[in-house]
Amino acid sequence: MAMSVLLVVMMLVAVIYSLFAGTVSEMSAGLLGGAEQAVKLGITMAGVLCLWSGVVEVMRRAGLIKKLSDLLKFPLGALFPETRSDDSLRGDLAASVSANLLGLGNAATPLSIRACSRLHESAGRTGVASDSVCMLVILGAGSLQIIPATVAAARASLNAANPFDILPAVWFATAVSCATGILCGLLLRKLWR
Amino acid sequence: MIWQLSAPLIILGVSLYAVLRGEDIFGGFIEGAKDGLRVLYRIVPTLVTLLAAITMLRESRALDAFAELCRPLFALIGIPAECAPLLIIRPFSGSGALAMGIELMAEHGVDSQIGRTVAVMLGSTETTFYAVSVICGAAGVTKTRYIIPAALTADFAGYITAAAAVRWL
Chain A
0 MAMSVLLVVM
10 MLVAVIYSLF
20 AGTVSEMSAG
30 LLGGAEQAVK
40 LGITMAGVLC
50 LWSGVVEVMR
60 RAGLIKKLSD
70 LLKFPLGALF
80 PETRSDDSLR
90 GDLAASVSAN
100 LLGLGNAATP
110 LSIRACSRLH
120 ESAGRTGVAS
130 DSVCMLVILG
140 AGSLQIIPAT
150 VAAARASLNA
160 ANPFDILPAV
170 WFATAVSCAT
180 GILCGLLLRK
190 LWR
Chain B
0 MIWQLSAPLI
10 ILGVSLYAVL
20 RGEDIFGGFI
30 EGAKDGLRVL
40 YRIVPTLVTL
50 LAAITMLRES
60 RALDAFAELC
70 RPLFALIGIP
80 AECAPLLIIR
90 PFSGSGALAM
100 GIELMAEHGV
110 DSQIGRTVAV
120 MLGSTETTFY
130 AVSVICGAAG
140 VTKTRYIIPA
150 ALTADFAGYI
160 TAAAAVRWL
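Respectively, the protein sequence lines represent chains A and B. All residue numbers for the first sequence refer to numbering that gives the first Met the number 0, where the first residue is 0 and numbers rise by one. All residue numbers for the second sequence refer to numbering that gives the first Met the number 0, where the first residue is 0 and numbers rise by one.
Keep in mind that the hints were calculated from the coordinates and are not lab data. One thing to keep in mind: the hints can contain errors.
Not everything, but these chain A residues come out facing chain B in the computed CB check (under 7 angstroms) [to be verified]: (1) 12; (2) 30; (3) 36; (4) 58; (5) 112; (6) 132; (7) 160; (8) 163; (9) 184; (10) 191.
Predicted model, so just to flag it, every value in this text is computed and none were measured. Even for Gly, the Cβ is constructed at its ideal location relative to N, Cα and C.
Could you put together the complete structure from these sequences and hints?
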């Protein structure tokens, strides 16, 4: 429903604004041009997107994703104290965070839900988010990502000189954003009643 | 430039490791590529709808007017004003943000400072409201306490850093 409202608002603003700005013919051409561009983009994005999904699948088969989640167990113990004594809970959290790290999109959401509802259960399932639940969702919403495949695919389809050269900047921005989220979480849990 | 090697090195490193462990990497790449096509199958219809509406908005010049409105505020935090429409849509809709980002990259040049800032912002932030409502909703959390303010602050820090990182790196 939210998307329907967004769509109507965008079209309404475009039509009304074009009447005042005298850009009706451009606006009207944009409607069809945009639809056409979307399909062209889809075709040109296919290459990079398929290739990177392949890399992730190879990582999974080689056990690299499992390794990554093992590596994450220690830092997770620091952020989520209740997982120190509960191996399976920590495993669920690690799987969820590493799926997010790898940008596994489809796989990441169910894993996040699973980890979140297990944390919620361990806090008594009252409906109110415990501090650990808050931390997990903040981390999940913070988009730790190693390979932003969709964005790189979009860059490739627009003929970027090197679609992946945004990686260091993405890593840096992601790290700052996640660190900010963690800090805010730690700070707000003291202040929030 | 060492960064230009990052993508080939990741692919090579992963493949080499997997082959040495006796995995069928050819089959893995093909299986994964099918996943990639499934993702496309899901996002192209959305992109068609959203890009049509967003291109209407752009061609009507309404986006430019909005960017001009935001310019003084954005100058303070070092974010190009042209990114303003992206920041508005980002927390609500992932496909909407992707469509808006593509539009901005196409208009201002994919390798321009604006185009790169847009790409880094898309890559380093999440669809916050969507993620929080899906995860909390499914897990039965009804009172989200400070999740939204903390997550939005994190996004905001990500936007500022994205713009700064593109200028420096």
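Given residue 160 of chain A as an interface hint, is its Cβ closer than 7 angstroms to any Cβ of chain B? holds, 6 angstroms
Regarding the hint that residue 30 of chain A lies at the interface with chain B, is the smallest CB-CB distance below 7 angstroms? Hint holds; residue 30 of chain A Cβ to chain B Cβ min 5 angstroms, cut 7 angstroms.
Hinted contact residue 191 of chain A with chain B - closest CB pair below 7 angstroms: holds, 5 angstroms
Quick check on the hint: residue 132 of chain A CB to chain B CB, less than 7 angstroms? holds, 6 angstroms
May I ask you to test the interface hint for residue 12 of chain A with respect to chain B, counting a Cβ-Cβ separation under 7 angstroms as satisfied? holds, 5 angstroms
Quick check on residue 163 of chain A please, does its C-beta sit within 7 angstroms of some C-beta on chain B? holds, 4 angstroms
Taking the closest Cβ pair, is residue 36 of chain A under 7 angstroms from chain B? At about 6 angstroms, which falls below the 7 angstroms cut-off, the nearest Cβ of chain B leaves the hint on residue 36 of chain A intact, so it holds.
Quick one, is the residue 112 of chain A hint okay against chain B at 7 angstroms, beta carbons? holds, 4 angstroms
Given residue 58 of chain A as an interface hint, is its Cβ closer than 7 angstroms to any Cβ of chain B? holds, 5 angstroms
Per-residue hint verdict: residue 184 of chain A, partner chain B, C-beta under 7 angstroms: holds, 5 angstroms
Checked against the numbered hints given earlier, this structure breaks none of them.
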